[in-house]
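Following the hints, position chain D against chain P.
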Amino acid sequence: MKLGIVVNEGPYTHEASDTAYNFAVAALEKGHEIYRIFFYHDGVNNATRLTVPPQDDRNIQQKWTELQEKHDLDLVVCIAAAQRRGILDENEMKRQGKDAYNIAPGFRISGLGQLIEAGIQCDRLVTFGD
Amino acid sequence: MAMLHTVNKSPYEKSALESCLNHVSEGDTVLLIEDGVYAVVKGGRAANALASVKGVKIAALEADLKARGIGGDKITEGVEVVDYGGFVDLVEANDKTEAWL
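Protein sequence lines, in the order shown, are assigned to chains P and D. Just so we're aligned: the first sequence equals residues 1 to 130 in the working numbering. Just so we're aligned: the second sequence equals residues 1 to 101 in the working numbering.
Keep in mind the hints are simulated off the structure, nothing from the lab. The reader is advised that the hints may include incorrect statements.
[To be verified] Taking lysine to any residue pairs in the SDA-like style, the calculated list, with each CA pair at most 25 Å apart, reads: (1) D:K57 - P:E15; (2) D:K96 - D:S10; (3) D:K96 - P:P53; (4) P:K2 - D:G27; (5) D:K57 - P:T127; (6) P:K30 - D:S10; (7) P:K30 - D:D83; (8) P:K2 - D:K66; (9) D:K96 - P:I120; (10) D:K96 - P:A100; (11) D:K66 - P:T127; (12) D:K14 - P:H71; (13) P:K30 - D:A67; (14) D:K14 - P:H41; (15) P:K70 - D:A59; (16) P:K70 - D:K57; (17) D:K66 - P:D123; (18) D:K66 - P:K70; (19) D:K57 - P:D123; (20) D:K96 - P:H32; (21) D:K66 - P:D18.
[As the list claims (entries may be wrong)] Every beta carbon over 12 Å from chain P, so not counted as near; a handful from chain D, in silico: (22) N22; (23) I33; (24) E34; (25) G43; (26) D64; (27) I70; (28) D73; (29) T76; (30) N94.
Quick caveat: nothing in here was measured; it's all calculated off a predicted structure. The beta-carbon is built from N, C-alpha and C at its ideal position, and this holds for glycine as well.
The following block holds chain P by itself, in its conformation from the complex:
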């Protein structure tokens, strides 16, 4: 089946980012297609490449990036949610006149239309969050 996944909660908050990641891995192992993973609300915090968790803890952002590389996933960050929380790509940095950007490799910033489209295109849309 074709799956869409929504992540509404930040990493290291409760467990939603971990659950979403483990679900995605299990779905891929079973041969399902993941059409898109959409990061919304505090979920956009999964996409900062500046996270530095302790060495004995998992690096959730890095796990997403690695999974994206391995399976060529479409990881989309909601632009309005991202701007509120300081998640910028190079283009947005310039547009907003900021001095840095922090989006992690493998993620892209786009609009809510991408979530709507995933809802239309996918057989199932599964939401994780608070």
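Only chain D this time, still in chain P's reference frame:
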């Protein structure tokens, strides 16, 4: 049309499970994940609520049960324990998935 309902908050903290159980239809499945798995602890008010819902499958995520030390005879009767692959299968087996956040 069968639906999969996921509940990820403890029934002793939030009312998500209660709301969910008030809306489920016969043939649906309720999957307890994260702190939602506390609902299956035998003898608890939430476990009794789960038992009172008829015609609905109750499942709980194994990894989240283990992480909280809930296993064996601590789990109330009628709960199917599934791994992440089982979670994926439940998503596929039901027409829609609703997360009670």
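Hints versus structure:
A C-alpha spacing of about 24 Å is found between D:K57 and P:E15, which places the hinted pair at or below 25 Å, so the restraint holds. Distance restraint check for D:K96 and D:S10: the Cα-Cα separation of roughly 23 Å lies within the 25 Å cut-off, and the hinted pair is therefore satisfied. Distance restraint check for D:K96 and P:P53: the Cα-Cα separation of roughly 35 Å exceeds the 25 Å cut-off, and the hinted pair is therefore not satisfied. For the proposed pair P:K2 and D:G27, the alpha carbon gap of about 23 Å is at most 25 Å, so the pair holds.
Note on D:K57 and P:T127: the hinted pairing holds, with a Cα-Cα distance of about 20 Å set against a maximum of 25 Å. This hinted pair does not check out: P:K30 and D:S10 have alpha carbons roughly 29 Å apart, beyond 25 Å. A C-alpha spacing of about 13 Å is found between P:K30 and D:D83, which places the hinted pair at or below 25 Å, so the restraint holds. The straight-line distance between the Cα atoms of P:K2 and D:K66 is roughly 30 Å, outside the 25 Å bound, and the hint therefore fails.
A C-alpha spacing of about 13 Å is found between D:K96 and P:I120, which places the hinted pair at or below 25 Å, so the restraint holds. Using a Cα cut-off of 25 Å, the hinted pair D:K96 and P:A100 is violated, with the two alpha carbons roughly 41 Å apart. A hinted pair counts as satisfied when its Cα atoms are at most 25 Å apart, and D:K66 with P:T127 qualifies at roughly 23 Å. Restraint check: the Cα-Cα separation between D:K14 and P:H71 comes to about 36 Å, which exceeds 25 Å; the hinted pair is violated.
The suggested pairing of P:K30 with D:A67 holds, with an alpha-carbon distance near 24 Å, which does not exceed 25 Å. Proximity of D:K14 to P:H41 is assessed by CA-CA distance (about 20 Å); at most 25 Å being required, the pair is judged to hold. For the hint pairing P:K70 with D:A59, the CA-to-CA distance comes to about 31 Å; that exceeds 25 Å, so the pair is violated. Among the hinted pairs, P:K70 with D:K57 is inconsistent with the structure: their alpha-carbon atoms are about 35 Å apart, more than 25 Å.
Proposed proximity of D:K66 and P:D123 is contradicted: the alpha carbons are some 31 Å apart, above 25 Å. Distance restraint check for D:K66 and P:K70: the Cα-Cα separation of roughly 29 Å exceeds the 25 Å cut-off, and the hinted pair is therefore not satisfied. Pair hint D:K57 plus P:D123 holds up; C-alpha atoms about 22 Å apart against a cutoff of 25 Å. Of the supplied pair hints, the one linking D:K96 and P:H32 holds, its CA atoms being roughly 16 Å apart against a limit of 25 Å.
With a C-alpha separation of about 15 Å, the suggested pairing of D:K66 with P:D18 holds against the 25 Å cut-off. Non-interface call for D:N22 relative to chain P: holds, since the shortest CB-CB distance, roughly 20 Å, exceeds 12 Å. For D:I33, the condition that its CB be more than 12 Å from all CB atoms of chain P is violated, with the nearest at approximately 6 Å. With a minimum CB-CB distance of about 5 Å to chain P, D:E34 fails to clear the 12 Å threshold, and the non-interface call is violated.
The Cβ of D:G43 sits about 25 Å from the closest Cβ of chain P, beyond the 12 Å cut-off, so the non-interface label holds. For D:D64, the shortest C-beta to C-beta distance to chain P comes to about 8 Å, within the 12 Å cut-off, and the non-interface label is violated. Look at D:I70: its CB is around 15 Å from the nearest CB on chain P, clear of 12 Å, so calling it non-interface holds up. Residue placement check: D:D73 keeps its beta carbon more than 12 Å from all beta carbons of chain P (closest about 25 Å).
Residue-level check passed: D:T76 sits 22 Å from the nearest beta carbon of chain P, beyond 12 Å. The claim that D:N94 is not at the interface with chain P is violated, since a C-beta of that chain comes within 12 Å of its own (minimum 8 Å).
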